[in-house]
Amino acid sequence: MTKVAFLGLGVMGYPMAGHLKAKGHDVTIYNRNPTKAQAWVAQHGGASAPTPADAAKGQEIVFACVGNDDDLRSVTLGENGAFSGMEKGAIFVDHTTASAGVARELDAAATAGGFGFIDAPVSGGQAGAENGVLTVMCGGDAAVYARAEPVIGSFARMCKLMGPAGSGQLTKMVNQICIAGLVQGLSEGVHFAKRAGLDVEAMLEVISKGAAGSWQMENRGKTMNAGKFDFGFAVDWMRKDLGIVLDEARRNGAQLPVTALVDQFYAEVQKMGGRRWDTSSLIARLEE
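Read in order, the letters of the sequence shown are residues 0 to 287 in numbering that gives the first Met the number 0.
Simulated from the structure, these hints should not be mistaken for laboratory data. Please read these numbers as outputs of a predicted model, since none were measured by experiment. Ideal Cβ positions, reconstructed from N, Cα and C, are used throughout, including at glycine. No false leads were mixed into what you were given.
Label-pair ranges, simulated between beta-carbon atoms:
no.	residue 1	residue 2	range
1	A210	G57	48 to 54 Å
2	N32	R275	17 to 23 Å
3	L285	P149	42 to 48 Å
Quick list of in silico lysine-lysine cross-link-like pairs, BS3-like style, CA-CA up to 30 Å:
no.	residue 1	residue 2
4	K270	K227
5	K239	K221
6	K227	K239
7	K239	K35
Please work from the sequences and hints to get the whole structure.
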């Protein structure tokens, strides 16, 4: 059993913290909305703290999963932030999808405070969090990571150290680049099949077993065909992530023409009223 805290009970954090408790860890939670914190404690047990600093006191590992760089700075470095309550030798593990820059900034602050920091964004969406099968991409010191990895395993099926601080966030950026292109290609394929008069489900069954197959095809092809877009990871969140990707590309000189184009396609979906539709809704703009 490890004494842990979890900051942020959104669609990802709520079940992730639940898996930690179910695996026998001593869990204290913090959420900006105390009503949700109370609901989590009623469901899972554990304890709730009024501030991130209070949640962090006495913990071996403090996890966070919040919205963006600013939210992350608020719960770590802000007034009553977790970093002011961290114990010497403890570890802060950040599951937020954020910039590599803020990961390096927080790693430096943690080092100065005498505790470890791991940037550990996740892939797998709401279903992956609920089922405890997330993929976790980590950046940080190898010795610190080795201590955190078994506990991260409470909600992960794959967890890997990718390099120094910021490397986890950079790997998540690659993940989002690849997803953007895959979803657009799948959208165009399904759209083309419908216009061509093919049986779309039969087509997907055949080509998903060949070189065109992907997780997106297996899990979203049929629902895209049916115009159903209520499967977790929202367009608003994807645009936030792609904004981080494109900012980083401007810094490192990477050329991402397809990613930039798909980001604009998602902007069109937002204008259609699809801000909370899932990312497979790219097909909707083709079928207007």
